[in-house]
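Okay, here's what each chain looks like letter by letter:
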Amino acid sequence: MKYLYYPGCSLKVTGKPYEDSLLAVFNALEEEIEEVNDWNCCGATAYSAVDQMKAFALAARNLALAEEQGGEKAELVAPCAACYLVLNKTCHSIQDYPARVGLQVKRALKAGNLTYKGTVNIRHPLDVFANDIGLEVIEKRVKNKLAGLKVACYYGCQIVRPYAEFDDQHQPMTMDNIIKALGAEPVNWSLKTRCCGGSLSATVSDDALSLSRILIKEAKRRGADIITTACSLCQFNLECFQEKLKQKGDQPGETEIPVAYFTQIMGKALGIDEAKLGFKQSFMPLETLF
Amino acid sequence: MSERFDRQIKYESDLDLNFAHQIASFPGGERIFDCIQCGTCSGTCPLSVYMEYTPRRIIAMTRAGFKDEVVRSNTIWLCSSCYSCTVECPKEIKLTDIMYAIKRQAIRENIWPKEFKMSPMMTGEFFKLVEKNGRNSEGWLMMNLYMKSMAVGDALKIAGIGMKMFAKKRMSLKTEKIADPAELRKILDAAGSEMELIKEGAKEVVHG
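Protein chains in written order, with our numbering: chain R, 1 to 290; chain H, 1 to 208.
Treat the hints as calculated values from the structure; they're not laboratory data.
Any given hint might turn out to be false.
[To be verified] Pairwise CB distance ranges, derived in the manner of DEER restraints: (1) H:Ser149 x R:Phe166: 50 to 58 Å; (2) H:Leu15 x R:Ala99: 26 to 34 Å; (3) R:Lys280 x H:Arg108: 41 to 49 Å; (4) H:Asp34 x R:Asp132: 36 to 44 Å; (5) R:Asp132 x H:Ala155: 43 to 51 Å; (6) R:Glu274 x H:Ile36: 38 to 46 Å; (7) H:Ala155 x R:Lys280: 35 to 43 Å; (8) H:Pro90 x R:Glu274: 27 to 35 Å.
[Stated by the list, open to error] Below, a list of computed lysine-lysine pairs in the DSS-like style, where the Cα atoms sit at most 27 Å apart: (9) H:Lys186 x R:Lys110; (10) H:Lys164 x R:Lys220; (11) H:Lys164 x R:Lys106; (12) R:Lys276 x H:Lys186; (13) H:Lys168 x R:Lys16; (14) H:Lys114 x R:Lys244; (15) R:Lys106 x H:Lys128; (16) R:Lys140 x R:Lys110; (17) R:Lys150 x H:Lys168; (18) R:Lys16 x H:Lys128.
Each residue gets a CB set at the ideal place from its N, CA and C atoms; glycine is no exception.
Required output: the full structure, derived from the provided sequences and hints.
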């Protein structure tokens, strides 16, 4: 099956290691994936805070482009949590509110000579890896077993809430199972879907900081060597403010831990060159873990 | 004649009893009247400890017509859209969508607590960048935000992180763009306005 890929803005810049490692892993698993031509921003959390109708129309343009490119039943892979949520929300709203959202979106797309029939399936890479490709296949492809590596799998908010059907909303396991298939050991912890602060890190950074602090401390308490994430904003919030936490009085080591994309760890286990996985772009070296 | 003391309670005439109906007419707002005030939303919210009014109180106040207090509160700017409340609510009220609806009202009225000005400002800058180019350029978003807000202290606080992001090639000042942003603007213009949404909402409710 050929997958379509919706990168979203973050994966081209702050989340570049996520994109690089994701595409490298698809390649290593011999799965075809192709970027949606001329995709636009999904609108994230900002657009629906200004105008809900424009937010739906903005996201729907991507759905229309994906349908055009991938044909009926296109499988659209959206790795960023916010993109995944917004695209899903738009699909649901078009169906649930036919007059308010469905018709207006149709009218809006028409102004850009586009149509959307409603056939695109929004998928998260976690879902694709675990349920389409399968854990057995991944396990068979592992070249470097990650034995002994303890991983705190962090899913964040918007992948499993409120729309995802591929995993549990409270205690998701997809990433844990993938990590296990790589030979590593997922730690048991209950904060997998507790918020990292999201975009509050830019607007009210002190409050957001205390949220990521709770997550890092608990992951460490459970014995994790590394936190893995599936969202570029989670990765940024958990990794890049660790220095700040020290300045705010945390003891050395108390809130220090490498934070990687789960696809970087997958890539390492599948034998992909670290240079292709963006290891050097981390604040804290990932190489030394292996 | 001006009163010597400020009145500490509100009379019904000070309230906006239509506000809850307006919120209810947006997609996702329709169940606001089903709230049983159980407080599950506030208990599950990771940010409620910082909020002026917890999510439960926001619902109660909205229904009671305390529009000004709700729209001016810091609650809506502390909501990170994590959807915990939406998922846990036993009455299936989409609280996150209600928070968005209130945020939109605050942005329309140009009203927010001073210490939270960065939130609507970032929202506005993001909106403008995407409307102009079709994509967000993260480097420019942050630059525009800190220049516009003149929040030198805030900018310095994260300057170190910003420089490191540039050094690690995870931040850039390249402008990200789609092929023809004017074509996208046609779509956005044709999407109509919120007010139409409210009218259509009333129709949809009537028809079933």
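Going through the hints against the structure:
| no. | hint | in the structure |
| --- | --- | --- |
| 1 | H:Ser149 x R:Phe166: 50 to 58 Å | violated, 40 Å |
| 2 | H:Leu15 x R:Ala99: 26 to 34 Å | holds, 30 Å |
| 3 | R:Lys280 x H:Arg108: 41 to 49 Å | holds, 45 Å |
| 4 | H:Asp34 x R:Asp132: 36 to 44 Å | holds, 38 Å |
| 5 | R:Asp132 x H:Ala155: 43 to 51 Å | holds, 44 Å |
| 6 | R:Glu274 x H:Ile36: 38 to 46 Å | violated, 54 Å |
| 7 | H:Ala155 x R:Lys280: 35 to 43 Å | violated, 27 Å |
| 8 | H:Pro90 x R:Glu274: 27 to 35 Å | violated, 48 Å |
| 9 | H:Lys186 x R:Lys110 | holds, 9 Å |
| 10 | H:Lys164 x R:Lys220 | holds, 24 Å |
| 11 | H:Lys164 x R:Lys106 | violated, 44 Å |
| 12 | R:Lys276 x H:Lys186 | violated, 39 Å |
| 13 | H:Lys168 x R:Lys16 | holds, 10 Å |
| 14 | H:Lys114 x R:Lys244 | holds, 24 Å |
| 15 | R:Lys106 x H:Lys128 | holds, 23 Å |
| 16 | R:Lys140 x R:Lys110 | violated, 47 Å |
| 17 | R:Lys150 x H:Lys168 | holds, 26 Å |
| 18 | R:Lys16 x H:Lys128 | holds, 24 Å |
Checked against the numbered hints above, the structure violates hints 1, 6, 7, 8, 11, 12 and 16; every other hint is satisfied.
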